[in-house]
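Starting from the given sequences, assemble the full structure and let the hints guide the process.
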Amino acid sequence: MDFSLLFAYLAVCSLCVLWCPVAGKVYRGTVSSQRAWEENGQFVTKFCFHDQKALFRFTSNATSEGKWHFYLDEYWHHAFSEPDCERKIAMSRFRVDVAGMSGSQYVNQWIRPHFWFVVYADPVTCQSSPPLTNEVIEFEMEFLNPDWSGAANDQFGDDLRGLLLFYSLLMLLYIAGLSLYAHQVWITISKGGPMHEVLQMLTLAMGLHFISAILMLIHLWRYSANGEGIPMFSVLSEVLEMLAQCQMIWMLLGISVGWTVSSNSSHPIRDKKLLLINVTVTVIHVLLVLWEQSYDESHYTYHIHENLPGWLLVSLRIGLALLISYNLHRTTSEERSALKKDFYHGFAIGCHLWFFAFPMLMVVAIFFSEYHRLKVSIYNWAGVVQRKIQP
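Residues -24 to -1, 1 to 367 in mature numbering (1 follows the signal peptide of the UniProt record, and there is no 0) are what the sequence shown lists, from first letter to last.
Think of the hints as simulated: they come from the structure by calculation, not from any bench. A hint or two may mislead.
[Unchecked claim] Here are the computed lysine-lysine pairs in the BS3-like style, where the Cα-Cα straight-line distance is at most 30 Å:
{"hint": "1", "residue 1": "K316", "residue 2": "K248"}
{"hint": "2", "residue 1": "K167", "residue 2": "K317"}
{"hint": "3", "residue 1": "K29", "residue 2": "K317"}
{"hint": "4", "residue 1": "K351", "residue 2": "K248"}
{"hint": "5", "residue 1": "K248", "residue 2": "K167"}
{"hint": "6", "residue 1": "K249", "residue 2": "K351"}
{"hint": "7", "residue 1": "K167", "residue 2": "K351"}
{"hint": "8", "residue 1": "K316", "residue 2": "K249"}
[To be verified] Listed next, with one range per pair, are the computed distances between beta-carbon atoms:
{"hint": "9", "residue 1": "N110", "residue 2": "V2", "range": "21 to 29 Å"}
{"hint": "10", "residue 1": "A201", "residue 2": "W287", "range": "29 to 37 Å"}
{"hint": "11", "residue 1": "N283", "residue 2": "S345", "range": "16 to 24 Å"}
C-beta: ideal position from N, C-alpha, C; glycine also.
What follows is the structure, given as structure tokens:
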């Protein structure tokens, strides 16, 4: 593989790490009277409480006449779009005073888990004129769900519950795969041959997936203890996952035009037309991911795609699938070998499975409750990745 790709990947990693904010569910930040007035209540964060009694607590650097307003997910979108400030504030389900420099509140039991949206508002939020003094408060919030014993010690929201176990099992599968196939793949690559460059690119993609899973596992393990994890590891995990997908796209586009299969096809990096397509797709992919990350404090939205850049990412994948279909049709029509035509037929099935997996997962996830959608997407996408990279 050309080392220029490695330098490009490192540049993308640096860009994404510098761009993406980091946050955890011990949540720190600032609120102010000015922002609360401008936004008819300053949105702070959200958290998915279990269907049992959970705990919210906070500390701040100053007292205030303001309140933390909690909105139930079923009414949040209506409240968020409400133009009348007083009506919007009145829609909150319950409130917690910021009168002291610390406080706590138990969240009552509900029939099922719910996302709760936290908004800060004070007595001047709904006034017609801006506040005369801008009161700024630094705070730290902690959201705790009940653990298996019923005590409020669990840092995970219900939308993240089970991910630590899942990534632990995923690591075991990766380690088992490495022990079974690593030596065989290394020997095949060392011998050279028509497909050794494909194996190199596939091995790199698998390595990026593997490192991404390790970083996410470490982050979730720390998150379970302190509610913050290692946010930089979470960002790097998402970046490496994105780069692994870009690597797969480069490889699939190259094979679709006959690379390593047809003798008259050049390497994707040396083919100027194909290189231009690959670079353009990668740049668009990176920009859309960065745009999507700005929509939410959590980087897990990369797997859900429930906003405009997310839908554009899905559209990009569908467009790439159509491009590869066109390339394969043209390549197959020019191919005389029946064996190679059979290869392209199986390759087309695998490509379409990989490219259309995300759109199908989005459709399936819509039928699940919001707190299940992330896990549905991650679990099934991991299955698609494992199936795709299986030797």
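To see whether the hints hold, each was checked on the structure:
no.: 1; hint: K316 / K248; in the structure: holds, 25 Å
no.: 2; hint: K167 / K317; in the structure: holds, 25 Å
no.: 3; hint: K29 / K317; in the structure: violated, 61 Å
no.: 4; hint: K351 / K248; in the structure: violated, 40 Å
no.: 5; hint: K248 / K167; in the structure: holds, 28 Å
no.: 6; hint: K249 / K351; in the structure: violated, 38 Å
no.: 7; hint: K167 / K351; in the structure: violated, 41 Å
no.: 8; hint: K316 / K249; in the structure: holds, 24 Å
no.: 9; hint: N110 / V2: 21 to 29 Å; in the structure: holds, 26 Å
no.: 10; hint: A201 / W287: 29 to 37 Å; in the structure: holds, 36 Å
no.: 11; hint: N283 / S345: 16 to 24 Å; in the structure: holds, 18 Å
Checked against the numbered hints given earlier, the structure breaks hints 3, 4, 6, 7 and satisfies all the rest.
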